[in-house]
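Student: The chain contents come next:
Protein chains: 8
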Amino acid sequence: MKFVSIIMGSKSDYDIMQEAGKIFEKFGVQYELLVSSAHRSPERTHQYVKQAEEKGAKVFICAAGMAAHLAGVVSSLTTKPVVGVPMRGGAMDGMDALLSTVQMPSGMPVATVAIGGAINSAYLAMQILAIDDEELSAKLKEDKILKAKRVETDSMGIEVII
Amino acid sequence: MKFVSIIMGSKSDYDIMQEAGKIFEKFGVQYELLVSSAHRSPERTHQYVKQAEEKGAKVFICAAGMAAHLAGVVSSLTTKPVVGVPMRGGAMDGMDALLSTVQMPSGMPVATVAIGGAINSAYLAMQILAIDDEELSAKLKEDKILKAKRVETDSMGIEVII
Amino acid sequence: MKFVSIIMGSKSDYDIMQEAGKIFEKFGVQYELLVSSAHRSPERTHQYVKQAEEKGAKVFICAAGMAAHLAGVVSSLTTKPVVGVPMRGGAMDGMDALLSTVQMPSGMPVATVAIGGAINSAYLAMQILAIDDEELSAKLKEDKILKAKRVETDSMGIEVII
Amino acid sequence: MKFVSIIMGSKSDYDIMQEAGKIFEKFGVQYELLVSSAHRSPERTHQYVKQAEEKGAKVFICAAGMAAHLAGVVSSLTTKPVVGVPMRGGAMDGMDALLSTVQMPSGMPVATVAIGGAINSAYLAMQILAIDDEELSAKLKEDKILKAKRVETDSMGIEVII
Amino acid sequence: MKFVSIIMGSKSDYDIMQEAGKIFEKFGVQYELLVSSAHRSPERTHQYVKQAEEKGAKVFICAAGMAAHLAGVVSSLTTKPVVGVPMRGGAMDGMDALLSTVQMPSGMPVATVAIGGAINSAYLAMQILAIDDEELSAKLKEDKILKAKRVETDSMGIEVII
Amino acid sequence: MKFVSIIMGSKSDYDIMQEAGKIFEKFGVQYELLVSSAHRSPERTHQYVKQAEEKGAKVFICAAGMAAHLAGVVSSLTTKPVVGVPMRGGAMDGMDALLSTVQMPSGMPVATVAIGGAINSAYLAMQILAIDDEELSAKLKEDKILKAKRVETDSMGIEVII
Amino acid sequence: MKFVSIIMGSKSDYDIMQEAGKIFEKFGVQYELLVSSAHRSPERTHQYVKQAEEKGAKVFICAAGMAAHLAGVVSSLTTKPVVGVPMRGGAMDGMDALLSTVQMPSGMPVATVAIGGAINSAYLAMQILAIDDEELSAKLKEDKILKAKRVETDSMGIEVII
Amino acid sequence: MKFVSIIMGSKSDYDIMQEAGKIFEKFGVQYELLVSSAHRSPERTHQYVKQAEEKGAKVFICAAGMAAHLAGVVSSLTTKPVVGVPMRGGAMDGMDALLSTVQMPSGMPVATVAIGGAINSAYLAMQILAIDDEELSAKLKEDKILKAKRVETDSMGIEVII
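Residue numbers (our numbering), protein chains in the order written: chain A, 1 to 162; chain B, 163 to 324; chain C, 325 to 486; chain D, 487 to 648; chain E, 649 to 810; chain F, 811 to 972; chain G, 973 to 1134; chain H, 1135 to 1296.
Source of the hints: derived by calculation from the structure; they are not laboratory data. All C-beta atoms in this analysis are idealised placements derived from N, C-alpha and C, irrespective of residue type, glycine included. Careful, some of the hints might be misleading.
Sample of chain H residues lacking proximity to chain A, with all beta carbon distances greater than 10 Å (derived) [as the list claims (entries may be wrong)]: (1) 1156; (2) 1166; (3) 1214; (4) 1257; (5) 1261; (6) 1266; (7) 1277.
Think about it this way: if two alpha-carbon atoms lie no more than 16 Å apart in a straight line, the pair counts; the simulated EDC-like pairs of lysine to aspartate or glutamate are [stated by the list, open to error]: (8) C:326 / B:295; (9) F:812 / G:1105; (10) E:789 / D:539; (11) C:468 / A:53; (12) G:1022 / E:702; (13) C:465 / B:187; (14) F:951 / G:1025; (15) F:812 / G:1106; (16) H:1156 / H:1268; (17) C:326 / B:215; (18) D:630 / G:1105; (19) E:650 / D:511; (20) B:184 / H:1277; (21) D:627 / E:691; (22) B:311 / D:539.
What follows is a set of in silico ranges between Cβ atoms, one per label pair, in the way DEER data are often shown [as the list claims (entries may be wrong)]: (23) C:417 / E:789: 43 to 51 Å; (24) B:305 / H:1152: 30 to 38 Å; (25) A:15 / H:1275: 52 to 60 Å; (26) C:336 / A:135: 53 to 61 Å; (27) D:508 / E:782: 31 to 39 Å; (28) G:998 / H:1152: 46 to 54 Å; (29) A:156 / F:955: 17 to 25 Å; (30) B:304 / D:618: 27 to 35 Å; (31) A:28 / E:663: 36 to 44 Å; (32) C:473 / B:181: 36 to 44 Å; (33) C:483 / A:135: 35 to 43 Å.
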């Protein structure tokens, strides 16, 4: 088994993070998703990460806000790539979570995406899995071409060309 | 036994944090001081906090910079008061550490002092211990009077009074 | 008598700060709560702090916004621990109040919690009181276990486990 | 007697604030200058402000850094104009002091100048005194003309005119 | 004649700045109020300031947002005290206007109040006028006592005293 | 043919950027307007810029938000002046886009206007074209006079003159 | 005659801004350079801008720091393109000057370059002049090719290619 | 062939980024390293990315400062994971580069590490490669254990244990 594990620090992150799940479903990538807090349930977090890694988790996605420690804690427990999604909220409306997530000590990186970047966290996880997965790699290339085409379509309705 | 435990996330925090130790020595307060990282040595941190609490730690002081998770991790492991000292460094030169330290979820507070505030972390720990310690309380009151007198002395050399 | 004193710089802080009062009621901790401003009623503030300390206040909680001086003024008048709650509002929507509260001179610490952190100000005050109060300490430990369990419950409704 | 009172929160503010004194000497304006802290010597500050006002202080200049409460405290004690000089230092290198100084509640204004703005605090105090002082007013107008001329002189050495 | 002149950079500042006018009416202080822009009507601004000063303007209050140059321009044209009111809006929602207003070159001070601080701009102008006006000075002292009493009244409805 | 080319990074920028188009129509300046993304459609962007320059584009206006790379990419492809319009949104609500737009390496300038500054991007483009266009130059001068008159009209309804 | 006019708010800006002059000399573009302050010498600034425009100034470059009003003032006086160079210094080390420069009211744009961006202010001015100057346009294209080649040379000494 | 490609936007990034190369050498991971700029050499960048991907590049590391577009440009050209390293410098000393790097549109993620985070960019690239490389995975696990042991050694020289 080979899957991506999505851990959210709070139930309130679900509205945003379920978008990542939808992307995985669209591309046929297996995933787990659960709530576990770095501070409120440290034991649960430790145990889950260990189990998930044994079961086949290849990438972790961790979403948290405020003093966003979750991705860092998971990175301290595994050598799998950890993608961090800082969530809006807090004194600086997510900038604080971004800095809490990205500024890790040497050897414990967190691959940080933008504030609330659920969709890009899923794309990044898929790009990582696609390194040795020709089929997924082909799907990602096709998706990129579609995105470029969408720009043309978006433009058509409004463009002014002399 | 009754003591304050000072945990530093990195050896490089020692230059600043030893000032807290000196304050404790001046006021006759027992303390422990060690390096243990939230990310690089999570097991060591967990074990130490449990042991220290059993041995008599009444207050924890945690100093860390960057994505400063140490105070938060310790607060998740104990119900003793945890004083957080955000350290300079990082993208916002300590403001990031300050926000990583202070913005904790409900029920896991960190009593945060200023960036690099080793001395005030010691004073705060002593004010906490002094709640039920008449002798320490008296020392703190006397110290406050001395600080007010020092202002007068500071002024004397330079003041211009008509 | 042994109680926590909650001072608010403005009546408008009451909506948030009454949450601290509710926490104290839930845990059976005595408290006082009043409005007194550092700037608008400096005499009242000075007199109240002196009286409250004599009457048995063990911890002060001070909530203020903007140029949030209240916690600092109280810390200058007592050697009891002062918990500062910076309130939203102002040019930087609370970050200014946070920095006005946390950056105190040596010997006059303010134990600062997050912006609008009424609930954690109450938890921190209780952790301080619990140092010599076995009963309160036991309640705080139990509360911590409940919080970890709540995470599991939160997760159940939404989690995806393969 | 009619004079300006300069109060500094710390002896370390003297290097900058003596520039204000020099300006007053150049323009023949009487002044007092002393150290008194909002936090470390609250009694001294209260007493001095009351005495100075009785003795003839027409404007107060207050310099402080970090959680810069001094100007606010003085404004709460007098109805004379209070000029606030936020000093460099602190987590945001003076921006925090600027916001601590300028964001006062209604009815307790602080006339804030730039960070480290000792010279402009003196000019502002003189502009205030000059409202009913023809002689000082004339000196200020003359000074303004000289400043405009200095720009021309500054330009001469380096300007390139076709 | 002796009056305060309120200049607004835009008609949209009127909602806030009319509060200053109301304060002046309450205290019986004469004032003028008009729109004149530093950038859109530089000639009008120059002419008005010169005329107003001749007619008896003792203090100028200038309100502007964004690249808030109005107070600075007025300060460059007169030696009367200029009170600057930075307005909300712009990339940093007023912080940019605050810094554009307060950071003036030596000899051209702007007495800056908080963002949107119309009321305190009026109080500051009155404190300046009151230096040589016993009657106005008495009114300001009385107002200060009323403000302190209001804090007590505010507290009564909600306070919890043991 | 001589025209201004407006490129938007996203269809969602149209609501704001069509204001630039309206200004051009009012002043009789020819323009093109389309959507093309630096990241989603890099080929399209490259090709369009080359073609537009050959066809007579004299100035490019590029609007983008977040990691706003569009103006920079266009500046790397042409030696015509590129006006950058940072759009609201992102972690710092446009400040990030402003800095992404303005901080270009030497030799690849972007003439940056304010966040959401569609109208000024059009004015700046017209000022550039007007250098060798007497008729357009005259229209811009007339417009400036009208703007000054509008200030007077704005003031009339609300001004208080003694 | 056709030239670029460089105005600096202070003599201290010369070290940086002479770089713009050197670029103009290298490309054979005529320029003037002088000191004139928005605040300290408003008359001089007004007169110079009017004269320079009559004499043949096609683009103005204005460099100023702190409450950087110079570019805005010049933009209010002319319909020629005004390039603004915010200078380092001030509470936010140039960010404040950047925002003071870029956030202009509608119809008075300032083409803003990066903080201290003297070289790019010159490139931008040349790109503007080159719209109707084939020779200068050719030089700019050639320069762009050289810059790309320099990247290759820079890489050679250090690159690792398998 | 299977390698990591390190692209730097400027030669000046080499001092920091060679640290990534050293980490790869220590762990026996193949890599390429070169200078290519998003703005100064767009053609070179496009061509290199295409060639490198064909030759076996599995992960790209892109380092750039200021308006840091390089990682975004590379992410727009490939579906391989792109690790972005924002470099110090610019108006916000790297924060601007961090936001320019991390805030990418959907489908074009950049796995961002801390400002100047060369070492963690290498670790992240190795964690990605290790997903299907047992040997590298084992080395990373061993390295993690060594890092935890180093904390103990660091502590020994300075710790105070009662």
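Student: None of the hints should be skipped; say for each whether it holds.
Tutor: To see whether the hints hold, each was checked on the structure:
no. : hint                       : result
1   : 1156                       : holds (12 Å)
2   : 1166                       : holds (17 Å)
3   : 1214                       : violated (6 Å)
4   : 1257                       : violated (5 Å)
5   : 1261                       : violated (4 Å)
6   : 1266                       : violated (4 Å)
7   : 1277                       : violated (6 Å)
8   : C:326 / B:295              : holds (14 Å)
9   : F:812 / G:1105             : holds (14 Å)
10  : E:789 / D:539              : holds (13 Å)
11  : C:468 / A:53               : violated (27 Å)
12  : G:1022 / E:702             : violated (28 Å)
13  : C:465 / B:187              : violated (31 Å)
14  : F:951 / G:1025             : holds (13 Å)
15  : F:812 / G:1106             : holds (15 Å)
16  : H:1156 / H:1268            : violated (21 Å)
17  : C:326 / B:215              : violated (25 Å)
18  : D:630 / G:1105             : violated (44 Å)
19  : E:650 / D:511              : violated (29 Å)
20  : B:184 / H:1277             : violated (36 Å)
21  : D:627 / E:691              : violated (21 Å)
22  : B:311 / D:539              : violated (23 Å)
23  : C:417 / E:789: 43 to 51 Å  : violated (34 Å)
24  : B:305 / H:1152: 30 to 38 Å : violated (51 Å)
25  : A:15 / H:1275: 52 to 60 Å  : violated (36 Å)
26  : C:336 / A:135: 53 to 61 Å  : holds (59 Å)
27  : D:508 / E:782: 31 to 39 Å  : holds (32 Å)
28  : G:998 / H:1152: 46 to 54 Å : violated (33 Å)
29  : A:156 / F:955: 17 to 25 Å  : violated (40 Å)
30  : B:304 / D:618: 27 to 35 Å  : violated (49 Å)
31  : A:28 / E:663: 36 to 44 Å   : violated (56 Å)
32  : C:473 / B:181: 36 to 44 Å  : holds (41 Å)
33  : C:483 / A:135: 35 to 43 Å  : violated (28 Å)
Comparing the model with each earlier hint shows violations of hints 3, 4, 5, 6, 7, 11, 12, 13, 16, 17, 18, 19, 20, 21, 22, 23, 24, 25, 28, 29, 30, 31, 33; every other hint is respected.
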